[in-house]
Structure formats: structure tokens, C-alpha cells
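> Spelled out from the first residue to the last, the chains are:
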Amino acid sequence: MSDRATRAAFAFALFVAAFAVRAAPTDSFPGAAAAYLVTVDGVPAFAAHPERPLPPASLAKLMTALLVAEAAVGDAIVTIGPGAAAETGTRLGLRAGERVRASDLLAAMLVASANDACRALADWLAGSEREFVARMNARAAALGLADTVFRNACGHDAPGMHSSARDLSALADRVLAQPQLAGLAALEQRTLRTLGGRTFRVRTTNAFVGRIPGVTGLKTGYTARAGTCLVLTAEREGVRVIVVLLGARERWWDAAAMLEHGFDFANARPPR
Amino acid sequence: MPQVFKPPVRPVALVAAAFAVATSLAAIAQAPGKDELWDVTMKMEMAGMPMAMPPRTNRVCVEKGNDEALVPKGRDNCVISNAKRTGNKYTFNVACTGKDPMSGSGEFTYSSDGYDGKMQMKGTAEGQPFDMMQTVTGKRVGTCTSTVKADVARANAQIAQGNQQVAEMCRQSLVSLNWQMYEPTGPCADKRADFCPAVSKVAATAREPAGYTAARKDTMLADAMGKCGQDFGAVTAAACAKGVETRDWAFVGSGSCDAEVRTAGEANCKGRSFTGMDRGVVPLCSRYASLVRGQPAATATAAPTPAKAPDPVQEGVNALKKLLPF
Chain A
184 MSDRATRAAF AFALFVAAFA VRAAPTDSFP GAAAAYLVTV DGVPAFAAHP ERPLPPASLA
244 KLMTALLVAE AAVGDAIVTI GPGAAAETGT RLGLRAGERV RASDLLAAML VASANDACRA
304 LADWLAGSER EFVARMNARA AALGLADTVF RNACGHDAPG MHSSARDLSA LADRVLAQPQ
364 LAGLAALEQR TLRTLGGRTF RVRTTNAFVG RIPGVTGLKT GYTARAGTCL VLTAEREGVR
424 VIVVLLGARE RWWDAAAMLE HGFDFANARP PR
Chain B
446 MPQVFKPPVR PVALVAAAFA VATSLAAIAQ APGKDELWDV TMKMEMAGMP MAMPPRTNRV
506 CVEKGNDEAL VPKGRDNCVI SNAKRTGNKY TFNVACTGKD PMSGSGEFTY SSDGYDGKMQ
566 MKGTAEGQPF DMMQTVTGKR VGTCTSTVKA DVARANAQIA QGNQQVAEMC RQSLVSLNWQ
626 MYEPTGPCAD KRADFCPAVS KVAATAREPA GYTAARKDTM LADAMGKCGQ DFGAVTAAAC
686 AKGVETRDWA FVGSGSCDAE VRTAGEANCK GRSFTGMDRG VVPLCSRYAS LVRGQPAATA
746 TAAPTPAKAP DPVQEGVNAL KKLLPF
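These protein sequences, in sequence, are chains A and B.
Its first residue numbered 184, the first sequence is counted upward by one per residue in the working numbering.
Its first residue numbered 446, the second sequence is counted upward by one per residue in the working numbering.
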């Protein structure tokens, strides 16, 4: 390549890079979280460290839910195993040997973040949690979630388990594309019943579902290592905003601000 | 009934127009049928022109008995008079008024299978006199089915349908307050007088939250009020005040009442937890959060640049301009 051509190529690269710099999302909420990302119709609007690998806490359940939905298990009956019954953290209190519809377990996992429901689905669908986690990682790779590695089905802290705001935003988009999951994520509460007749009333862990216009979900998370986490999704007048917070300082206050700024961002865009 | 002709701007244009007429006639359908199929040859000679235009023949389908269809026609400002048919002759006079007046006469002689015609026109075009002779020879070559009547009927139906659609569009635009349709050059310009009263009517309902929300969703109220010289800000202020008065926090927090959100948010949201607050106040506090946290979208997308800071895009453009031959 001649010297002139080399310089021209360099100038063109500079030109392209300049646009890339200008199009990059801004950090409008410094220090709000260890990482966050706000996308408006899939376009990053605000972000800080969106590719930073961090523990996802219960946001990992989004992948579990996706795999269950994609398996189209319908009203299949799941028998609770000892592993699920022994789950810790947020749980329904399911007992080993109880039989529950898969759709009810899915609801309990998404609406109330129940770890026993989550583990029961994982064990049942893949035969073991270990096998299920392998499926989760394979699906993550297939979706191009390069910052994501799962070590368990439900988001417990574990060495090497991480995801990023960018990956979780993309995963949220996939989850919302599943009508069953989108419907569950928008529920404020649900009553479910084991085949043995025990009933559970689960309430959403999302402080904004049913309370802020347009909010459609999606998942909360907390562990000691991850801190408070959230994937918040909302749609107003055809505009979709997805907020992902990992290790948030004041999760709900910042999520609310990010959501509103996201819609303001959409309104400020030139018409397409 | 007088025929209307269009006067030529220049003699040469007249020649072109005559041929254009013949060309348009040739487009008539020629399937076998009850009408007459003609080969029409036209020739134009004009005094002062160095060479005559070559004759041109077109095949024309004419409704039976419609002799005038075989006469070359122009449009606008020209009138045929004294048209009469005597035996096998059809004669007429032509007079054109306007910027380039001219007049003349024509005579067509019919035989059993054709006709010969000539038309002499004299006049001035752009101050220059001209004398033109147009000869037309027609030969009946068969039968055809003219679609003129059907075409006219179809065109009229389309025009009527188009008028109906415009009327419906204007009606809808009046409901949605689409001011662009009522601009002086817009399709509803003849109904402009209806527009601002319709805007005032919607504006009156928009002074309370439900009406305001509906108007923002379904109409272009803000722009329309501006076009009519009305104060949309006053309508917004009235609706927001009503929202605060009735504690309609979903409305107050919807993005149109940020001044009220600041005040009401201080009292109802500041220092409180979202998980513990009354659900009705959450939309207010969500909006309040956006006013006290983060930079607004406009600032974020167009962050102020230090005066002397280089513009990376412009730098790239400049670098390309220096290096590339375009």
C-alpha cells in the first residue's frame, strides 16, 4: 500500500472512529452502580462500565426462564427434588416430593424470585443443575453474551459466575420476546397451588410493576457480592426502555431516574 | 357547442401541439367493435420555415358519427364556430384569443372510406406573424371499440372518489388538529376558517388532566395552538394545577408538569423509599427522581464542548479532505 493510501485509510478510520465516539452512551449517573446500561429501543443511551463482568445475582434467572420457556413445557408436572427443597434465600418453601405445575414454578421464579422454584425447574428440565448450567452457558454463547458465565441456575454467588449490563440487557430483550415470560414479568401477584393442595400467593419483587405507567418487568436481584441489581423494562407509546443496574447504590431511585431520562432521550431524538 | 383550444406560445410549439394531439388520439383502444378505426396522416407547413415537418400517421379509434374527434384539437382560449356539415363537407372557423391571438378556418371532405381536411391558421406569436397550413388525411381501415366514454366515466369516478377522500382526510385532520393540512397550500386550505375554532374547542377540554392527556395522545394540540396564536403553555399550567389539586400523580408525573413535580416531589417523595411509599404517589416520585438525579437527555446527547476542544468528526473530515481527491 502506498504512503498516500495508508494515510487515506488512517484518515478514514479516524473519521469512522469519531462518529463512534460521538454515538457512545454517556455516563449521566456517575457512581449510581458498579455498572449500568440504559437502552432506548435497543440503542445505548446512558451507561457506565456496561461490559464489566459482575455477579448477576437473581438476574441469572432470566436465562433459566428463557430456557424453560423455549422448552415449551406448558402444564407439565414437576416433582420437587431434595436439591430444590434445600434451596436458600428467597423461596416458597416447597417440600421434596411435592408436585407442582411447571408454569406455576416459572411464575414463582419470575414474579417472586423463588430459588426453590428455580432450582426445581432446572433439575427437572436437564436432570441436574450441573447439566442445566451447561445449557445456560451454551445458550449464552449462542446469543453472543460474551461477558456471561453461569455457575448455578438461580444466581447464587459463586466464583467465576458473572455477566455484564450489556449482556443482561440483550438477554432481557430475548426474555420479553417470549409472550409467556413477558406476561409473567408484568404480574404484581399470583396465586399458585401444588397438586397436593398447598397454595402460595407470590408478590412481585419489582417496586415499579403496576405502579409506574408502562413498566413491563423484569427482574430483581440481590446477593452479598452482587449488591442490589435490577433489570427494569418499560414501554410507552411504542418506545422500549431497558435499564440494567448491577451493584446499585440506590436501586429504585436511580432506576426511576434512568427510566424517565430514557423516555426523555427518546422524545429528544429527531423523528425517524 | 363551442370547442375550446389552447393557443400556441410560439409557432413551433403549435406544430408540436398538433402532433401531440394526434399522438394522444392514437392511444385509444383499437379492439374490433362498433366504432371506426382510422389512419390519420397529418402534415404541417408554415410560411418562413426552412423545411416542412414530415407527415405523421397515427391510427385512431373514433366513435361512430363523431366527426369532430378527427379534427386536431388544442385547448383553452380557442373556440370553434360556424361548424356545419353540408353533404360530405364539414366546415368550421377557429378563433383564439389571449396573448398570441390567431384565427382560421377548416374544411373536411368525407368520402365513403375516408376524408381530406385542411386547416389554415394566421396570427402572431410573441409579436411575430405566422401563417400555418395543416392538412389531414383520414382513411377508415376497420372497426374498433372506443373506450373514450368508459375512460371519461372512470376518470370522473376517480375524481369523485378523490374528492371524497380529501373531504374525509380534512375531517380527520380537524379532529387530530393536523395544522399542516390546513396550511394555505394544504389540501384543506378552503376550510381554514374551521381550524382555529376546532383548536380552541380541544384546548378548552385540555385544561384538566384527562382532556390534556387525550389531546396530547390524539391531536397535535401544542403546534396547532401555536399556529392559531393561542397559548399552549397556559393550558398546560391549568391542567397541571388541576392535577396537583386532585392529586392525580400519574398525570403530574407524566412529563408535562415538571415544575409541579419539583414542588410536590419535595413534599411526597424526598427521603422516602420506593418500596414503602403509597402506590399512587410512585409516578410522581419516579419523575421527581429524574429531576434530581442524572443529566437530562438533551445535555447528555449534546454535551457542551470546551471552546478550544477539537471536534473529532471535523478533524476526520479535514483529514479526509486533505488526502482524498474529492
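To be clear, the hints were calculated from the coordinates, so they are not data collected in a lab.
Just so you know, these numbers come straight off a predicted model, no measurement behind them.
Glycine included, every Cβ here is placed at the ideal spot set by N, Cα and C.
Among the hints, erroneous ones may be present.
Claimed, not checked - Selected chain A positions facing chain B (in silico; Cβ < 8 Å):
no.	residue
1	D330
2	A390
3	R394
4	W436
5	A439
6	M441
> A closest beta-carbon separation below 8 Å is what the hint needs, so does A:A390 meet it against chain B?
Result: holds, 5 Å to nearest chain B Cβ.
> Taking 8 Å as the limit, does the beta-carbon of A:A439 come near enough to a beta-carbon in chain B?
This interface hint holds because 4 Å falls under the 8 Å limit.
> Answer holds if the nearest beta-carbon of chain B is closer than 8 Å to that of A:R394; otherwise answer violated.
Result: holds, 4 Å to nearest chain B Cβ.
> With a cut-off of 8 Å, does the beta carbon of A:M441 approach a beta carbon of chain B closely enough for the hint to hold?
Holds, because the Cβ-Cβ distance from A:M441 to chain B comes to roughly 7 Å (cut-off 8 Å).
> Can the hint on A:W436 be confirmed by a CB-to-CB distance to chain B that is less than 8 Å?
A:W436 check passes; min Cβ-Cβ to chain B is 5 Å, inside 8 Å.
> Using 8 Å as the Cβ threshold, decide whether A:D330 counts as touching chain B.
Since chain B brings no Cβ nearer than about 24 Å to A:D330, farther than 8 Å, the hint is violated.
In the structure shown, a violation is registered for the earlier hint numbered 1 alone.
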